[in-house]
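Colleague: Start from the sequences and build out the full structure, keeping to the hints where you can.
Spelled out from the first residue to the last, the chains are:
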Amino acid sequence: MPYESRNCRDIVSEMLDETSVVSLAHRQHVEQCSECRRELDSQRAVRSQVRVLRAEQIDPPADLLAQLYADLRRCAASPSYRLARLVRVAPYVGGVLAAGAAGAVLAGRTRRTRFGIV
Amino acid sequence: MSPPEVIRYVEAARRGDHEAFEQLVRLTYHDTYTLAYRLTGNEEDARDVVQETYLRTYRSIGRFRGDAQFSTWLYRITANCAASVSARSARHRHAELGPDTPVLELRADHDPAQHVDATTLRARLEIAIAELPPRLRQVIVLRDVYELPHDQIAAELGISESAAKVRLHRARRMLRDRLFSGDQRHAV
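Same order as they appear, the protein sequences are chains S and C.
Residue numbering for the first sequence is 1 to 118, as defined by the working numbering.
Residue numbering for the second sequence is 119 to 306, as defined by the working numbering.
A couple of the hints might just be wrong.
Unchecked claim - Restraint ranges, calculated between C-beta atoms of paired labels, are given here:
1) C:Gly276 with S:Tyr81: 22 to 28 Å
2) S:Ser34 with C:Glu129: 50 to 56 Å
3) S:Glu35 with C:His136: 55 to 61 Å
4) S:Ala77 with C:Ser202: 23 to 29 Å
5) S:Ala55 with C:Arg132: 26 to 32 Å
6) S:Glu56 with C:Ala186: 19 to 25 Å
Treat the hints as calculated values from the structure; they're not laboratory data.
A virtual CB, placed ideally from N, CA and C, is assigned to each residue, including glycine.
Modeller: This is the structure in structure tokens:
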């Protein structure tokens, strides 16, 4: 089967990615088809070269960190961020206040009952 | 696995601790910049991507549930920002540049012109990746360098999973052709 066909391209990509189980039929095809095998081997070679880049870092501009801190401080001070944060925490604060109020009411009732006040 | 220091800062940042978030930035911005640079191919766009990435992360850290590694979450946001910045940048440059003007603006130390005589495969690889069309470069960097799954790559780039796979395949073949074809410009 010529490599250019979509089926072959998919098979080679599957074998290369190792993210899914490749069927026996597909494996056998690659073993028998010299074009697919050559394609697989050459793409594996490329990928192993590309993976080396993972360990390498590119130095950021010297002033970038200061710029990021400044951006974050501006963002933290912006009314829209404060409002969004308030909306996010409001249910929790409300819950805590409600629980506190309920506790206070119950405690008051217990005290009144203990001293015979109805 | 995220380092314990990062996990601690993430937890504090989720509770609204601004200083903890700044510490997270300090610990991760080299990695984020490296990814942004590899995705965009130039310093100016990489810088924009990193700034936008941390602002988005800051606003949404409260929603980070910790079911993925923080670094993976950050990579996804970076990829998403890079896709937006690259698209914006391409539109902008298209209006400014003629058809023969090269679109890539590599840093001085990554300038292809300075590497024409480079004899190592490693140097040729850097050039070949930088010269890929942005759509292909983004996919191969995210998949083959950072090992993000296809579905996450597709989601962050706003394309279908099958489109991501096709782009990856094209990118690998293009890289292979440039690295191993005996091209005069990149000859060993």
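Colleague: Each of the hints needs a verdict: does it hold here or not?
Modeller: Structure-based check of each hint:
no.	hint	result
1	C:Gly276 with S:Tyr81: 22 to 28 Å	holds (26 Å)
2	S:Ser34 with C:Glu129: 50 to 56 Å	holds (55 Å)
3	S:Glu35 with C:His136: 55 to 61 Å	holds (58 Å)
4	S:Ala77 with C:Ser202: 23 to 29 Å	holds (25 Å)
5	S:Ala55 with C:Arg132: 26 to 32 Å	holds (30 Å)
6	S:Glu56 with C:Ala186: 19 to 25 Å	holds (24 Å)
The structure agrees with every numbered hint stated previously.
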